[in-house]
Amino acid sequence: MYEELRTLLIDDLRLTESDLRPEAGREEAGLDSLAVVELSMLLSERFSVEISDEDLLEAATVADIADLLEQQIRRAAVQKQPS
Amino acid sequence: MYNMSPADPCGAAVICGVGYWLPPLAVTNAELCSRLDTTEQWILSRTGISTRRIAGPGVATSDLAVEAGGRALKSAGSGTVQALVLATTTPDRPCPAMAPDVASRLGLTGIAAFDVSAVCSGFLYALATAAGFIATGVADRVLVIAAETFSTLLDPLDRSTVPIFGDGAGAAVLRRGSAAEPGAIGRVVLGSDGERHELIAVETGGSRQQSGYFRMRGREVFRHAVERMTAASLAAADAAGWDLADVDRVVAHQANARITAAAAAKLGIPEDRWAQNVREVGNTAAASVPVLLAQAAASGFLAAGHRVLLTAFGGGLTWGAATVVWPELENIT
Numbered sequence: 001m002y003e004e005l006r007t008l009l010i011d012d013l014r015l016t017e018s019d020l021r022p023e024a025g026r027e028e029a030g031l032d033s034l035a036v037v038e039l040s041m042l043l044s045e046r047f048s049v050e051i052s053d054e055d056l057l058e059a060a061t062v063a064d065i066a067d068l069l070e071q072q073i074r075r076a077a078v079q080k081q082p083s
Numbered sequence: 084m085y086n087m088s089p090a091d092p093c094g095a096a097v098i099c100g101v102g103y104w105l106p107p108l109a110v111t112n113a114e115l116c117s118r119l120d121t122t123e124q125w126i127l128s129r130t131g132i133s134t135r136r137i138a139g140p141g142v143a144t145s146d147l148a149v150e151a152g153g154r155a156l157k158s159a160g161s162g163t164v165q166a167l168v169l170a171t172t173t174p175d176r177p178c179p180a181m182a183p184d185v186a187s188r189l190g191l192t193g194i195a196a197f198d199v200s201a202v203c204s205g206f207l208y209a210l211a212t213a214a215g216f217i218a219t220g221v222a223d224r225v226l227v228i229a230a231e232t233f234s235t236l237l238d239p240l241d242r243s244t245v246p247i248f249g250d251g252a253g254a255a256v257l258r259r260g261s262a263a264e265p266g267a268i269g270r271v272v273l274g275s276d277g278e279r280h281e282l283i284a285v286e287t288g289g290s291r292q293q294s295g296y297f298r299m300r301g302r303e304v305f306r307h308a309v310e311r312m313t314a315a316s317l318a319a320a321d322a323a324g325w326d327l328a329d330v331d332r333v334v335a336h337q338a339n340a341r342i343t344a345a346a347a348a349k350l351g352i353p354e355d356r357w358a359q360n361v362r363e364v365g366n367t368a369a370a371s372v373p374v375l376l377a378q379a380a381a382s383g384f385l386a387a388g389h390r391v392l393l394t395a396f397g398g399g400l401t402w403g404a405a406t407v408v409w410p411e412l413e414n415i416t
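Just so you know, the protein sequences line up as chains A and B, in that order.
If you count by my numbering, then the first sequence holds residues 1 to 83, one letter each, in order.
If you count by my numbering, then the second sequence holds residues 84 to 416, one letter each, in order.
Don't read these hints as lab results, they were simulated from the structure.
Here the structure is a predicted model, which means the values were calculated and not measured.
Check the hints yourself; a few may be wrong.
Simulated crosslink set (EDC-like; lysine to aspartate or glutamate; CA at most 16 Å straight-line) [stated by the list, open to error]:
(1) B/K349 <-> B/D175
(2) B/K349 <-> B/D326
(3) B/K349 <-> A/E27
(4) B/K349 <-> B/E310
(5) B/K349 <-> A/D12
(6) B/K349 <-> A/D11
(7) B/K157 <-> B/D326
(8) A/K80 <-> A/E50
A short list of chain A residues far from chain B (calculated; beta carbon distances all over 12 Å) [claimed, not checked]:
(9) E4
(10) E28
(11) L42
(12) E45
(13) A60
(14) A66
Using N, Cα and C, we set each Cβ at its ideal position, and we do this for glycine too.
Can you make the complete structure from the sequences, with help from the hints?
Here it is as structure tokens:
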């Protein structure tokens, strides 16, 4: 999931590739408060998961955001399964 | 249901003149950084704005409106107007409306004149109102002005609003014409969401008073601005029978360069088709769309035959969009 997130951050949010390391902090990676809103909207569009700006702002690093995305996708998949 | 689309060949509103006016006093990011806790880089990267124009002491919103209105009338050539619809959230005084005064100063005493308040979407609301006047026979020609001095509303120490807003005025003249001719305004798509009135507000004078200043909740505004302008643009293009790929130019409210970039990406309309002036003038609220329209027409960025999409979003919340095939216009200043 980290690689998919990384591609989206570079291609769609136009963040600088060299600033994007898993352990990079949110601001260090270039994800300011407005980019976080864009990211939340993009994740909803591309992965059909709703992650709020507030939850994204709490993630300390790029890897934490990837983990958050992975959890939400897994949760959405479980909810979709017929009972 | 009454169909508000301009199907009647005698009742369409056609743009026949535009004009704008910006006060001469320019304030740079460097000047703001000397009094705000921020940096030039922070302002530019968050907003895309490097200077904004400020009316300054002794200059009122009506002064800007008269300048812009006079220029639009000149661009429209001979012939008078029977109505003035003036969009503003920063009128000279709470009562009476500013439009009658502006009309008189333009030598138009006696015409219908009133204000419309829809914050940054004000010009599109005023445009729809003016088109309605033409469709219903109230007037054959209408002057629409949007004028703002948001600098008068701001907390001078608020780094989240002071760098963003500038003052200015833009105007257009509409005349009765055919829906099929260049300049005819397509169906104006408008909407509002009062449940989110607190996102962009001046809370003052009541028991809920927080401060006398304008406040804006940036992240939520960003999200709603992108989503609402995108949806309104789609609806307006659809009403005109256009695919988004057919859109040659977009004139969007210049709230913040990041908002227009996100809306461009979401709509899939390349950014080089979007008129831009936010870097030089900032967000001039209701004046933003008509100032940009007049500047883009004057520079040739809008050319006759271009399919142009207009869209705006503002406090209320309010939003809107409209289409127009750009007409041949002269004397734009």
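Hint by hint, here is what the structure shows:
1. B/K349 <-> B/D175: violated (38 Å)
2. B/K349 <-> B/D326: With Cα atoms ~14 Å apart, B/K349 and B/D326 stay inside 16 Å; holds.
3. B/K349 <-> A/E27: Violated. B/K349 to A/E27 sits at ~24 Å, over the 16 Å cutoff.
4. B/K349 <-> B/E310: Within the cut-off at roughly 9 Å; holds.
5. B/K349 <-> A/D12: Between B/K349 and A/D12 the Cα gap is close to 10 Å, so the pair holds against 16 Å.
6. B/K349 <-> A/D11: holds (14 Å)
7. B/K157 <-> B/D326: violated (34 Å)
8. A/K80 <-> A/E50: holds (15 Å)
9. E4: Non-interface label stands for A/E4: nearest chain B Cβ at 18 Å, farther than 12 Å.
10. E28: The assertion about A/E28 holds, with a minimum of 14 Å to chain B.
11. L42: Contrary to the label, A/L42 does not stay out of reach of chain B, its closest Cβ about 9 Å off (not over 12 Å).
12. E45: violated (8 Å)
13. A60: The claim holds: A/A60 sits with its nearest Cβ about 19 Å from chain B, beyond 12 Å.
14. A66: For A/A66, whose nearest Cβ neighbour in chain B is about 21 Å away, the distance exceeds 12 Å, so it holds.
Hints 1, 3, 7, 11, 12, counting from the list given before, are not met by this structure.
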